[in-house]
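Throw the hints in and build the complete structure from the sequences for me.
What follows is the residue order along each chain.
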Amino acid sequence: EAGVAQSPRYKIIEKRQSVAFWCNPISGHATLYWYQQILGQGPKLLIQFQNNGVVDDSQLPKDRFSAERLKGVDSTLKIQPAKLEDSAVYLCASRAEGLAGATQYFGPGTRLLVL
Amino acid sequence: RKEVEQDPGPFNVPEGATVAFNCTYSNSASQSFFWYRQDCRKEPKLLMSVYSSGNEDGRFTAQLNRASQYISLLIRDSKLSDSATYLCVVNMSPGAQKLVFGQGTRLTINP
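Quick mapping for you: the protein sequence lines, in order, are chains G and B. Each step along the first sequence adds one to the number in our numbering, with nothing skipped, and position 16 is 525. Each step along the second sequence adds one to the number in our numbering, with nothing skipped, and position 100 is 104.
Keep in mind the hints are simulated off the structure, nothing from the lab. Just so you know, not all the hints are guaranteed correct.
[Said to hold, decoys possible] Straight line, CA to CA, 16 Å or less: simulated EDC-like cross-link-like pairs of lysine to aspartate or glutamate:
#1 Lys102(B) - Glu594(G)
#2 Lys592(G) - Glu523(G)
#3 Lys83(B) - Asp43(B)
#4 Lys102(B) - Asp595(G)
#5 Lys520(G) - Asp566(G)
#6 Lys553(G) - Glu7(B)
#7 Lys83(B) - Asp61(B)
#8 Lys83(B) - Glu19(B)
#9 Lys553(G) - Glu9(B)
#10 Lys520(G) - Asp595(G)
#11 Lys102(B) - Asp566(G)
#12 Lys102(B) - Glu7(B)
#13 Lys587(G) - Glu523(G)
#14 Lys587(G) - Glu606(G)
#15 Lys553(G) - Glu594(G)
[Stated by the list, open to error] Okay, the calculated bits of chain G under chain B, using three or more residues with CB under 8 Å as the criterion:
#16 553–567
#17 612–619
Think of the CB as a built atom: it goes at the ideal place given N, C-alpha and C, for glycine as much as any other residue.
As structure tokens, this is what we get:
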């Protein structure tokens, strides 16, 4: 079974530029998450989708971050404009629907460096 | 106060030793609990769930104390391959699975 796919794997941009990350979850997984992991910290949830609807975006900095999952499958996360403190690994995870105890499976992440 | 707190370490122990990690959480309404493992520059992966009765998986034992809001992980007969960061994770939501991660405890097993 294919895992969660993410691209690009690495990205270097200058502050105030824009950047977008892409995630394709495991086939059939209705729930998709985006996390931000800053060096030395645990992952922090940014946004959670159930199919194409947002379940929780309370920790998403909406002045600069946006995310969508238009067809309920793959998803994009965008930062515009980027700040130095956005340097982090952005992890996408997915989980099967309807199973409260089902495991979240993480993708390899996109490592972002903002200069 | 952080929602999930762990000792960041690092822990450096010799191969074959027993090592224990602790974790506390602040929300008494937390629903379920996990330990994840994260290798250097890799994604987190589920190591094991944590149940009130305690559970064991080979050399790994997890314990939960709801009254004290405390979770532990014990690794016996440690191997070089156990070197990783161990993340304490709490699920805050009964249905949607909203995970809150601790900052992780870094473990290095020395030959």
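Taking the hints in turn, this is what the structure says about them:
Note on Lys102(B) and Glu594(G): the hinted pairing is violated, with a Cα-Cα distance of about 24 Å set against a maximum of 16 Å. At roughly 8 Å between alpha-carbon atoms, Lys592(G) and Glu523(G) fall within 16 Å of each other, so this suggested pair holds. For a cut-off of 16 Å, the pair hint linking Lys83(B) to Asp43(B) stands: about 14 Å separates their Cα positions. Proposed proximity of Lys102(B) and Asp595(G) is contradicted: the alpha carbons are some 22 Å apart, above 16 Å.
Using a Cα cut-off of 16 Å, the hinted pair Lys520(G) and Asp566(G) is violated, with the two alpha carbons roughly 24 Å apart. For the proposed pair Lys553(G) and Glu7(B), the alpha carbon gap of about 11 Å is at most 16 Å, so the pair holds. At roughly 15 Å between alpha-carbon atoms, Lys83(B) and Asp61(B) fall within 16 Å of each other, so this suggested pair holds. Distance restraint check for Lys83(B) and Glu19(B): the Cα-Cα separation of roughly 6 Å lies within the 16 Å cut-off, and the hinted pair is therefore satisfied.
For the proposed pair Lys553(G) and Glu9(B), the alpha carbon gap of about 14 Å is at most 16 Å, so the pair holds. Between the alpha carbons of Lys520(G) and Asp595(G) the distance comes to roughly 12 Å, so the proposed pair stays at or under 16 Å and holds. A threshold of 16 Å between alpha carbons decides the hint, and for Lys102(B) with Asp566(G) the separation of about 11 Å falls inside it, so the pair holds. Under the criterion of a C-alpha separation no larger than 16 Å, the hint pairing Lys102(B) with Glu7(B) is consistent with the structure, at around 13 Å.
With a C-alpha separation of about 15 Å, the suggested pair Lys587(G) and Glu523(G) falls inside the 16 Å cut-off, and the hint holds. At most 16 Å may separate the alpha-carbon atoms for a hinted pair to count; Lys587(G) and Glu606(G) exceed this at roughly 25 Å. For a cut-off of 16 Å, the pair hint linking Lys553(G) to Glu594(G) stands: about 14 Å separates their Cα positions. For the region 553–567 of chain G, the stated coverage by chain B holds: 6 residues have a C-beta nearer than 8 Å to a C-beta of that chain, and at least 3 were required.
Counting residues of the region 612–619 of chain G whose CB falls under 8 Å from any CB of chain B gives 6; the rule of at least 3 is met.
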